[in-house]
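Protein chains in written order, with our numbering: chain A, -1 to 401; chain B, 32 to 111.
Because the hints were derived from the structure by calculation, they are not lab data. Backbone N, C-alpha and C define an ideal beta-carbon position, used for all residues, glycine too. Careful, some of the hints might be misleading.
[To be verified] Now the stretches of chain A that chain B is said to cover, found in silico as 3 or more residues with beta-carbon under 8 Å: (1) 98 to 111; (2) 339 to 346.
[Said to hold, decoys possible] Straight-line alpha carbon distances no greater than 27 Å define the calculated DSS-like cross-link-like pairs of lysine-lysine that follow: (3) 222(A) with 87(B); (4) 110(A) with 87(B); (5) 101(B) with 87(B); (6) 222(A) with 137(A).
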Amino acid sequence: MTSIYGPVTDWATDFDHAEPDYNANAHEVWSELRGRCPIAHTDRYEGAWLPVTHEHVSQIAYDTEHFTSRSVVVTTYRPLAEAPVGNAPPISSDPPFHHGARRLLLPAFAPKAIEPMENGVRTLCRRLLSDIAEAAIAKGGIADAAVQYAQHIPVSVISMMLGFPAEDAELFRGFIHDIVEGVNVTVEQRFESFQRLGDYIERQVLDHVDNPRDDLTTFLLNAKIGDEPLSVGHVRGSIVLLLIAGIDTTWSAIGSSLLHLATHPDDRRRLVAEPALMPTAIEELLRVYAPVTMARLVSQDVEIGGCPMKVDDWVLLPFPAANVDPAAFERADEVLIDRAENRHIAFGLGIHRCLGSNLARLEVRVAVEEFLAAFPDFELAGEVTWSVGQIRGPRTVPVRINA
Amino acid sequence: MDLAGYGWPMRVVLDSARCQGHNRCYAIAPEIFDVDEYGMAVLLHDGAVPTGLEDKATLAAANCPEFAIKVAGEKDGAER
């Protein structure tokens, strides 16, 4: 799918987060904008704003009065989904509806529900790494840490949790590409993408109606808020959320972490030598390479940082930009894997804190631990390509594995 | 429970209204913080910090993205 917009002429007045240059050069773009605006605007997408400071990003994340979450992916048109439910509750929901829809899902993603999954994730990682080691022999030690490793981990985990066929992984990645990356396309193309996803979800839902089992899909089908069963749209929307939100986000975080270690041998060697540093290092990698930029629509005119935001304007919330704001972090643009004080907001702030953050952290940590255990010495060996749109991460990370 | 003077000089104060379940405190200092079934922080020992874990308590507070944790001295804790 090609963009309906042309190349960006100026990041401050004509930005486009779905131009390939944006994610590839994100840190440079945010740094330039912080010095110039610091809230950029574009007429693309029928009008959108891009704050880049920690102060503005948090202010908007906490403000559910002037901003609605009814759609959180900036696209060429304003989705029909209405507040306060939106099309993928609870991420698309506003108070007061949001509270019940979120509370329903929180226990499944709370630390004590996620911790027991560690062994399963570890086994999955080891199986992938063993395949990679075998395949690399014939290729002079060359492998791709994103294509052969990172992208497979969250897909397997979330398909298991939803009770969807694991062999549909490629299909899920296709849906995600369409929904998250195919944003600057025609309305018709966008509708077709949603139709394909909706048809697939419907088949899975019907299969669960006929064959209930112990997974999140059956849970949602039987769930109630108060005494009320969830609406048909709510169930499907929450499934879409769980399928889409957990995959390319975590895949991106794992890929970025391995890319960093492939290009920073001192950090790689230190983590191999000091495995106890891993949780601290993972938080720092999440800070600097945070994958997720959320979005809001303005629901009441408001002025932020001197910018007049009008009803139905899009506002991007680049948590990764806030995380490298020098006003909020010392040595903000440096990766310090032993940074002990790290109040980063990779998983957002306020009522929409990433529901899957405990799972994401587990997957990223175990994936990096196991990669280093299998291949303690590796380096970048080719061109890195980046995702497009609000989820930022490397899609190819070619590495040479040194014996 | 009055533990002042029994080797529990530091306290942490949790603002549950601000907590969004990032679980950084629980990851850093599980001796001081627990989580409920929704993943929201709860204080162990009513917020009293066991001797020797003062640094962990301070670190947990310094890593909360929502600024939901404060470290209080003995006096502040007693007044709470």
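Task: Hint check, failures only - done: 3 and 6
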